[in-house]
Amino acid sequence: MKIKRYFAPDIRTAIRQVREQQGPDAVILSNKAVEGGVEIVAAVDYDEQTVLQQARSVEVDRVRRQDEPVAEKSFEELPERPRPAESIWSQEPVLTEMRRELNSMRDLLENQLSGLAWGDMVRNQPLRATLLRRLVNMGVSSRLAKSIADKTGSAGDQDQLWRKALGLLAHAVPVAEDDILAQGGIVALVGPTGVGKTTMVAKLAARFCLRHGRRQVALITTDNYRVGAHEQLRTYGRILDVPVRVIEEGENLGSVLEHYADRRLILIDTAGMGQRDARLNQHLAQLQDEFLPIRRYLVLSATTHRTGLAEIVRRFGKMPLHGCMLTKVDEATRLGGALSVLIEQQLPVAYVGDGQRVPEDLAPARAHNLVSMAVSMALQGDSVPAETASAPGLGSAVANGER
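What the sequence shown shows, in the working numbering, is residues 1212 to 1614, in sequence order.
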C-alpha cells in the first residue's frame, strides 16, 4: 500500500490531486484543516494478486524448511503413507476478509468526505446548494440535478435560479410527437404486472369511441397466462360495445389484425410480466414482427422507485419502443424520479393517467404540467433533510471535483 500526503487550498483541489496521482482506487485515510487549506492522507489499495503470490511463496518456503531435516534421514525411517497436499489457497479467506474491511473503510471515508464537500459547497455556494437540495427533494436524480444546476449558472437570486432550473427540467422531458387518439393505428401496451395497462387501454378506447365512433375500435389481449386475466378487458368491451379478441397460444397475431383491418384503432393489451421474468422475451417476440405496423408503448407506474423504473426501461427497451405512458400519478409521492428516468433513458412520454375513472383520468403528456405536478408533490410531502439530499450522490460528486 502506497501512502502519500497532499496539501491544497480546498477539499476539491486536494481530491483532484489524489485522483490524478493515485487514480480512482485511492483510499482517503485522513483529512484535516491546516493553515492555508486542507491536508489529506491517501493510499493506493493493495494488489490482491501480488499479495496472494507472496502468501504462496511464504507457504512454499515454510514447507521446504520443514522438509529439509527429514530429507537427511534414511528413507527406511519414513512411514509409507500418502502425504496430504497443503492448499496453496489457504490464505484466501484472510485476503477476502481484508478486502471486505478495506472496502467498508473506503465507503465510510467516502461518505465522510462527501459530507465535508457538501458542507464546503453550502458555505461557498449557498444558492447552488439550495437549488440542488430542492431538485433532489422533488425526487430528481443527483446526476440530473447537477446537470441542471450547471446549466442554470449563478446569475440571479434564488427564485430566478429556481424558475430557470424548472424550465430546463421541463425542456429536458421528452414528449411523444404522435397522438394515438388522432392518428389511430395498431398500438400495443407492454409493461410489468399491476401498472394499469388494461385500464389505460380502456381509457384510450373510450376516448377514441367518443371522438370517432365505436365501430372504429377493436381490443385484443395476448394475456392467456393467468386464469380470468382477460375478463376485465371483456367487461370494458361490453360497456363500450367494441369487439374483444383473446389471442390463444400458438395463434397468429397477424391473422387477427388482418381480421380487424377496417378498424382505425386496434389496442393490444399484453400480459403483465416482471422485468426479470424468463418468459418476457418470448412473450414480447410476437409484437416485434417487422411486417406488422405495431407501435409499442411501455406503461410505467409513477409509484415505482426510480431505480426500479430504470431497470424496467432497460429490460423492456431491448425491443423498439415508440414511447411510454405514465400511470398512477395521483398515487405518487414524488414525480422527479420518473422524470429523471424518462430524461436519462430518452423515453418519450405520450399519456398520463391520474386516476381510475374511464375515460376521464387521461391526459396527453405535457412537460410543463409534469414538472408542475412534481413541484406540488414535493411541497405537499415531507422535505428531504439537507444531509440526506447531499449524500451520497451530490456530496460525492462535489468531492470528485464536479462544479
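Think of the hints as simulated: they come from the structure by calculation, not from any bench.
Wrong hints could be hidden among the right ones.
Said to hold, decoys possible - With a straight-line Cα cutoff of 20 Å, these simulated SDA-like cross-link-like pairs (lysine to any residue) come out:
| hint | residue 1 | residue 2 |
| --- | --- | --- |
| 1 | K1213 | A1237 |
| 2 | K1243 | T1224 |
| 3 | K1529 | R1545 |
| 4 | K1375 | D1361 |
| 5 | K1375 | S1353 |
| 6 | K1362 | W1373 |
| 7 | K1213 | G1248 |
| 8 | K1362 | A1387 |
| 9 | K1362 | R1374 |
| 10 | K1213 | E1250 |
| 11 | K1529 | S1587 |
| 12 | K1529 | D1541 |
| 13 | K1375 | S1587 |
| 14 | K1529 | E1542 |
| 15 | K1529 | A1387 |
| 16 | K1375 | E1388 |
| 17 | K1529 | T1544 |
| 18 | K1215 | E1250 |
| 19 | K1362 | I1554 |
| 20 | K1213 | G1247 |
| 21 | K1215 | G1247 |
| 22 | K1375 | A1387 |
| 23 | K1213 | S1353 |
As the list claims (entries may be wrong) - Computed spacing ranges between beta-carbons, pair by pair:
| hint | residue 1 | residue 2 | range |
| --- | --- | --- | --- |
| 24 | E1522 | K1243 | 20 to 28 Å |
| 25 | E1250 | E1522 | 46 to 54 Å |
| 26 | R1449 | E1571 | 15 to 23 Å |
| 27 | K1215 | E1388 | 36 to 44 Å |
From the three backbone atoms N, C-alpha and C, an ideal C-beta is built for every residue, glycine too.
Q) Can you list which hints this structure breaks, lowest number first? A) 3, 7, 8, 11, 12, 14, 16, 17, 20, 22, 23, 24, 25 and 27
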